[in-house]
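Starting from the known structure of chain A, fit chain B onto it as the hints suggest.
The listed protein sequences derive, respectively, from chains A and B.
Take the first sequence: its letter number 41 is residue 40 in numbering that gives the first Met the number 0, and every next letter is one higher.
Take the second sequence: its letter number 63 is residue 62 in numbering that gives the first Met the number 0, and every next letter is one higher.
Hints may contain errors.
Distance condition first, Cα-Cα at most 35 Å in a straight line; then the derived DSBU-like pairs of lysine-lysine [claimed, not checked]: (1) A:LYS116 - A:LYS89; (2) A:LYS131 - B:LYS268; (3) A:LYS89 - A:LYS113; (4) A:LYS182 - A:LYS116; (5) B:LYS217 - A:LYS94; (6) A:LYS116 - A:LYS94; (7) A:LYS113 - A:LYS94; (8) A:LYS131 - B:LYS267; (9) B:LYS268 - A:LYS116; (10) A:LYS116 - B:LYS36; (11) A:LYS113 - B:LYS267; (12) A:LYS113 - B:LYS268; (13) B:LYS217 - A:LYS113; (14) B:LYS36 - B:LYS268; (15) A:LYS182 - A:LYS131; (16) A:LYS182 - A:LYS79; (17) A:LYS89 - B:LYS267; (18) B:LYS267 - A:LYS94; (19) A:LYS113 - B:LYS36; (20) B:LYS36 - A:LYS94; (21) A:LYS89 - B:LYS36; (22) A:LYS94 - B:LYS268; (23) B:LYS217 - A:LYS89; (24) A:LYS116 - B:LYS267; (25) A:LYS116 - B:LYS217; (26) A:LYS131 - B:LYS36; (27) A:LYS79 - A:LYS113; (28) B:LYS217 - A:LYS131; (29) B:LYS268 - A:LYS89; (30) A:LYS131 - A:LYS94; (31) A:LYS113 - A:LYS131; (32) B:LYS267 - B:LYS36; (33) A:LYS79 - A:LYS89.
Please keep in mind that the hints were generated in silico from the structure rather than gathered at the bench.
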Amino acid sequence: MSSSITIKQFTNENIVECQDLSIVLDRVEVLNNASCCIPRNALTFLVGENGSGKTSLVRSILGLTPTNNGVISIQNINGKAPVFGYVPQKIEFPKHLQMTVGEYLQYSANVPIKQIKTTLQQVDFPESHIEKRITELSGGQIQKLLLAAELYRSPDILFLDEPLSNVDDASERHIIDVIMEIKNQGVTIVIITHDWQMISVYANHVICLNKNIICETSESCICRNSLSKINIQTIQKATPDPNSVHDGYCYIQNI
Amino acid sequence: MDLFEVITIPFMQRAFLGSIMLAILFGLFGTFIVPRKLGFMADGISHGSLLGIAVGIFIGVYPIIFAIILAAIFGFLLARVNDYGRITQDGLVGIFLAGGMSGAIILLSFMPGYRPELMSYLFGNLLSIQWIDIYGLTLFFVLTIILFRMQWRSLVITTIHTELAYVINLPVTLSKYFLFIGTSIALICGVKLLGIILVSALLIIPVLTANQIGHSFKSTLIGTQICGISCSFMGILFAYILDIPSGPSIALLLVCIFLSAYLYSNVKKHTQGVKI
Chain A
0 MSSSITIKQF TNENIVECQD LSIVLDRVEV LNNASCCIPR NALTFLVGEN
50 GSGKTSLVRS ILGLTPTNNG VISIQNINGK APVFGYVPQK IEFPKHLQMT
100 VGEYLQYSAN VPIKQIKTTL QQVDFPESHI EKRITELSGG QIQKLLLAAE
150 LYRSPDILFL DEPLSNVDDA SERHIIDVIM EIKNQGVTIV IITHDWQMIS
200 VYANHVICLN KNIICETSES CICRNSLSKI NIQTIQKATP DPNSVHDGYC
250 YIQNI
Chain B
0 MDLFEVITIP FMQRAFLGSI MLAILFGLFG TFIVPRKLGF MADGISHGSL
50 LGIAVGIFIG VYPIIFAIIL AAIFGFLLAR VNDYGRITQD GLVGIFLAGG
100 MSGAIILLSF MPGYRPELMS YLFGNLLSIQ WIDIYGLTLF FVLTIILFRM
150 QWRSLVITTI HTELAYVINL PVTLSKYFLF IGTSIALICG VKLLGIILVS
200 ALLIIPVLTA NQIGHSFKST LIGTQICGIS CSFMGILFAY ILDIPSGPSI
250 ALLLVCIFLS AYLYSNVKKH TQGVKI
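Next up, chain A with everything else stripped away, as it sits in the complex (with noise of 0.2 Å):
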């Protein structure tokens, strides 16, 4: 959909990287030359206000949203393109097509039947529902249903649009739970969140999306939450390796 996505072999350690992107939606500027890039094997956090632009950012790497200007470089794996792996928010599934949640397993990831039990346990979603049809779940176990599918099908790099955002607390430490071992088996995560917490516990990495830039310079980015403001310039102090910030993204490690 998108004609800016290159994939290319690269030597850094990068896996996605954005150059003066611009997207404008219904004649609404998006995106305005932002620039970040997303590290390899780590778990990226984007952040910023409604409708900064972050779900847009997201589609347009994965090639649903059409960019009008800037590069999107995606570094090939082993000499091939990354498998993708991505889970909306909010997904309406169409009323008139009856289908099961084993089924819906089966054609969106090939599950295997027997294998349908223990990948919906993954992601804490109840053995009950299995017959149940997928427009008849909540959103919390629509979304469950939609990371147990992606996690099946093992991305290179798995794209989660706020995925504790409906789900339960009990079920909310079981997620995290799994995707920090994905993390640790080397998938890339990338997780699009309004959680300072969550971000504050396991970011490896952080892209703040402030208004229509993503922080150009560390000095106009603020990334605003509802407890208080985060001055990304004195967060990039902490950073171990000051060399490794790059204009066009906010660092954080080892927070």
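Relative to the frame of chain A, chain B by itself:
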């Protein structure tokens, strides 16, 4: 009346054979058309293709050929509008329907005398189905089944979660063009049996009926096929016995079966205490 005797009549054999193939095809296409809320598309294509029929009658060449070409072009345009057009799909359907119907009526008004074959194309006629129609339909049936086999997963995923289909690199565009063009051609193939006015019934109603009872994708798919094939078979039989056009006979039967399934589903939900 002996059923065996009816089956041995050549035109009834052609009607039964054609209806089984059409019911299977319509059931498969309908499974993906109905959830996408494109039922109106079927009416637009069949009605608009009357222009192709009129052109064929006007110049004295097999009319279905022109209708198929016109429908295939329209199916292609409809699939294209989905991605790049500045007008909506239902808007284009409305334009095609109005343009095709009015063009056909104006063209037919230039032809002197009563055109009895026109009624057959409008409401379906068992006697109008020839062996050449069955041969052509068989070829289309085999090709379509092969393409369904190849595009099945892509069609299913695109219907339930289009973005996922793009992310996992399924041939979304190819399956979309197959669905739109294939449905358009299938509708015209069904014109001689069901007629332009009612051909969409076999595409839409069996899927809606199966949706009332089916619990899973598999059971709905099987239910759609059973409903489509049995209603077509019985509808043809009633049309022969009562000497009525086959289109209304099949369509009315489909509506009755749908109403029964709808009532059954609602009674069952009430019995189980589920809010409708």
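Cross-check of the supplied hints:
1. A:LYS116 - A:LYS89: Holds, at about 24 Å.
2. A:LYS131 - B:LYS268: holds, 15 Å
3. A:LYS89 - A:LYS113: holds, 28 Å
4. A:LYS182 - A:LYS116: holds, 23 Å
5. B:LYS217 - A:LYS94: holds, 16 Å
6. A:LYS116 - A:LYS94: holds, 25 Å
7. A:LYS113 - A:LYS94: Distance ~27 Å between A:LYS113 and A:LYS94 Cα, so the pair holds.
8. A:LYS131 - B:LYS267: Status holds; Cα separation ~17 Å.
9. B:LYS268 - A:LYS116: holds, 28 Å
10. A:LYS116 - B:LYS36: holds, 32 Å
11. A:LYS113 - B:LYS267: Holds, because 31 Å separates the two Cα atoms, which is no more than 35 Å.
12. A:LYS113 - B:LYS268: Holds: A:LYS113 and B:LYS268 sit about 31 Å apart, inside 35 Å.
13. B:LYS217 - A:LYS113: holds, 17 Å
14. B:LYS36 - B:LYS268: holds, 24 Å
15. A:LYS182 - A:LYS131: holds, 30 Å
16. A:LYS182 - A:LYS79: holds, 20 Å
17. A:LYS89 - B:LYS267: Holds. A:LYS89 to B:LYS267 sits at ~31 Å (cutoff 35 Å).
18. B:LYS267 - A:LYS94: holds, 19 Å
19. A:LYS113 - B:LYS36: holds, 34 Å
20. B:LYS36 - A:LYS94: Between B:LYS36 and A:LYS94 the Cα gap is close to 10 Å, so the pair holds against 35 Å.
21. A:LYS89 - B:LYS36: holds, 20 Å
22. A:LYS94 - B:LYS268: Within the cut-off at roughly 17 Å; holds.
23. B:LYS217 - A:LYS89: holds, 26 Å
24. A:LYS116 - B:LYS267: holds, 29 Å
25. A:LYS116 - B:LYS217: Holds: A:LYS116 and B:LYS217 sit about 19 Å apart, inside 35 Å.
26. A:LYS131 - B:LYS36: holds, 23 Å
27. A:LYS79 - A:LYS113: Answer holds: A:LYS79 to A:LYS113 is near 30 Å, not above 35 Å.
28. B:LYS217 - A:LYS131: Within the cut-off at roughly 13 Å; holds.
29. B:LYS268 - A:LYS89: holds, 28 Å
30. A:LYS131 - A:LYS94: holds, 14 Å
31. A:LYS113 - A:LYS131: Within the cut-off at roughly 17 Å; holds.
32. B:LYS267 - B:LYS36: Holds: B:LYS267 and B:LYS36 sit about 26 Å apart, inside 35 Å.
33. A:LYS79 - A:LYS89: Holds - the C-alpha atoms of A:LYS89 and A:LYS79 are around 30 Å apart, at most 35 Å.
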